[in-house]
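Undergrad: The lines below spell out each chain.
There are 2 protein chains.
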Amino acid sequence: MSNGELSGFIGRWLPQIEAEMNNVIGSRDNSVAAHYGMMRYHLGWADEHFHLRPAPSGKRLRPILCLLSCAELGGDPSQALPAAAAIELLHNFSLIHDDIEDGDEMRHHRPTVWKVWGMPLGINVGDGMFTLAFDAIQRLTQRGINSKATLAVLAHFTQTCLTLTEGQFLDISFEDRPVISIDEYMHMIQGKTAALIGASVAIGARIAGATSAQETDMLQFGQAMGLAFQIQDDILGIWGDPAITGKPVGSDILSRKKSLPLLHALNHPQIGDQMQGAFALPVDESQLESVMKLLEQAETRRFAEQQMANQHELALAALEAALGPRAASSPLLMLAEGLLHRTN
Amino acid sequence: MSNGELSGFIGRWLPQIEAEMNNVIGSRDNSVAAHYGMMRYHLGWADEHFHLRPAPSGKRLRPILCLLSCAELGGDPSQALPAAAAIELLHNFSLIHDDIEDGDEMRHHRPTVWKVWGMPLGINVGDGMFTLAFDAIQRLTQRGINSKATLAVLAHFTQTCLTLTEGQFLDISFEDRPVISIDEYMHMIQGKTAALIGASVAIGARIAGATSAQETDMLQFGQAMGLAFQIQDDILGIWGDPAITGKPVGSDILSRKKSLPLLHALNHPQIGDQMQGAFALPVDESQLESVMKLLEQAETRRFAEQQMANQHELALAALEAALGPRAASSPLLMLAEGLLHRTN
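Residue numbers (numbering that gives the first Met the number 0), protein chains in the order written: chain A, 0 to 343; chain B, 0 to 343.
Think of the hints as simulated: they come from the structure by calculation, not from any bench.
Given the structure is predicted, the values throughout are model-derived calculations rather than measurements.
Just so you know, not all the hints are guaranteed correct.
Note that identical chains are pooled: a pair holds if it fits in a single copy or bridges any two copies.
[Unchecked claim] The list that follows gives simulated cross-link-like pairs (lysine-lysine, DSS-like), each with its CA atoms no further than 30 Å apart: (1) K147 with K292; (2) K114 with K147; (3) K147 with K246; (4) K256 with K147; (5) K147 with K257; (6) K58 with K256; (7) K114 with K292; (8) K292 with K58; (9) K114 with K246.
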């Protein structure tokens, strides 16, 4: 599959993913229309008066990966549509709740659900969307997937949901601790980010009828890609071009976000103490330069880029194990690498 | 089954319900032990340091109803244990989130989860427990329930979760409206309370291998009992004996809770306007007497008791349809009536 063919694949399947999610959300009794209207708002389909008005939304990376994985392993992507929809609904449920937990007021340039309708309804809308993710998975039986295979997908999906809440638990808990080890951090992003990307491709593979070894390889491919994405995000959060990221230079330093580069510096044998001292105080822009210099001293950027490259290599090896020599020209790799070379 | 036999049934199965839930929650990696520890706290198994210390908890009414229903329809209650655990976990997940949404600080004489650990972790613990409810349901296959039947139970369970979020949506939305119709109120408690009690007995019946007509009858029995319980709660919230309920006389009037009796009065052709006037202002104890007099004038208590009796009658008819003449001596009825004649 060439780059053009990848675009063709996305162009063909993205509308079907949206249609599947739309079917799952359905049209309901008028008295509860707003419950589902809030979901449509969050997904970028409607405005805050629930009028159909497309708005910027997520890239639907996970469901596309799920369908691509299914296709690459010889399956029919249409059979995987219910799982792809479930994965995207799960991802979006977690965003609705994360926005409340983090107090984030904006997402994709629009006010978040809780910001528009309040915290109580926001929590409850998330719960509704979480339920619909489980509803979606069960629709696999309508696409010719037998009961036993549907339950196997469901089991992986459920385990992924649990891992997601564990990752979120760690992320919230880390806020109150001055220093987190690199291992702890990797464990957290494994739960919060990598597990679902891994599940997306592994579930796609299973629906295609892949061997269990291929499914495991795909899981590892997705998880490693997920870790690489997250580390790249962390790098951009400090060294990203403000003109492209839309965030100030050193954004994550100013917000004292415990991202991988900062944890590298905080745990560094030479500069750790200085970093911890700087982090104990509110970091303002005047101190930014000195923190950036400490990161340079610790060669933090090189460390983070190395970590990202390691995950990228693991991902490639896992994909080769699953697909053989075809891996190098797989659209899965193309999609993954396209995302890794983004600059915002 | 006599009253003594009902106690025997509960004594035998309650520990197994707790054990099943405990298995589902499991023991996990040390780094996330607190995530599951908070669940154990909420369920009344542990204190806030996660030390095993039993505390007052819920009555486990729903899982007991599920197992009783299974037994009454000739099934083996042990096969229904995973469903019973799932139902109780779902109920408790909804309590954890409701407590956040309502700002409630105490439950069963202990601080609520969010009150102890904060709102962000509270939401996330609820999400984790919700996930475990779905995990529990899937364990039916380990008890000899085949894949297809497990998926059928899962479909009912998922629909019930969705109805629960719809009921909660209505409940929250009602707060901002001065008057709600009786129909709207019944729709709300159908979602928030009755649907899950209905599902408890219907799922127990299905696992026993009941006919689909029996399953529907049991669903109606449970839903009608659920409505009757809720209306009774509403009656006790106004006329309950403070010495028994632990709440002041007219508690629901003082908190301006839009319960069935108050909605009856607010919608009443004669006294509605006066009630709405009184409700527009903060109601203090000095006004309590005049509101109580208005309720008397409108014969509100008689109305609410009649509504409760109607649901009770519907429940009995549905149980008779499911069980035939045995219904009158069924422990399901005994349990239900025992709960209806409680005074707190």
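Undergrad: It remains to establish, for every hint, whether it holds in the given structure.
TA: Right, here's what the structure says about each hint:
For the identical chains of this complex, K147 and K292 are neighbours neither inside a copy (57 Å) nor across copies (62 Å), given an alpha-carbon limit of 30 Å. Taking CA atoms no more than 30 Å apart as the test, K114 paired with K147 passes in neither setting, with 42 Å inside one copy and 42 Å between copies. Proximity of K147 and K246 under a CA criterion of 30 Å is satisfied in neither setting, with 48 Å inside one chain copy and 51 Å between copies. In the homo-oligomer, the alpha carbons of K256 and K147 never lie at most 30 Å apart, since the shortest distance is 43 Å inside one protomer and 47 Å across protomers.
For the identical chains of this complex, K147 and K257 are neighbours neither inside a copy (42 Å) nor across copies (46 Å), given an alpha-carbon limit of 30 Å. For the identical chains of this complex, K58 and K256 are intra-copy neighbours only, at 24 Å inside a copy versus 43 Å across copies, given an alpha-carbon limit of 30 Å. Taking the shortest Cα distances, K114 and K292 never come within 30 Å of each other, neither inside one copy (38 Å) nor across copies (42 Å). For a Cα distance limit of 30 Å, the shortest separation of K292 from K58 qualifies neither inside one copy, at 35 Å, nor across copies, at 60 Å.
Taking CA atoms no more than 30 Å apart as the test, K114 paired with K246 passes inside one copy only; the shortest distance there is 21 Å, against 34 Å between copies.
The structure fails to meet hints 1, 2, 3, 4, 5, 7, 8 from the earlier list, while all remaining hints are met.
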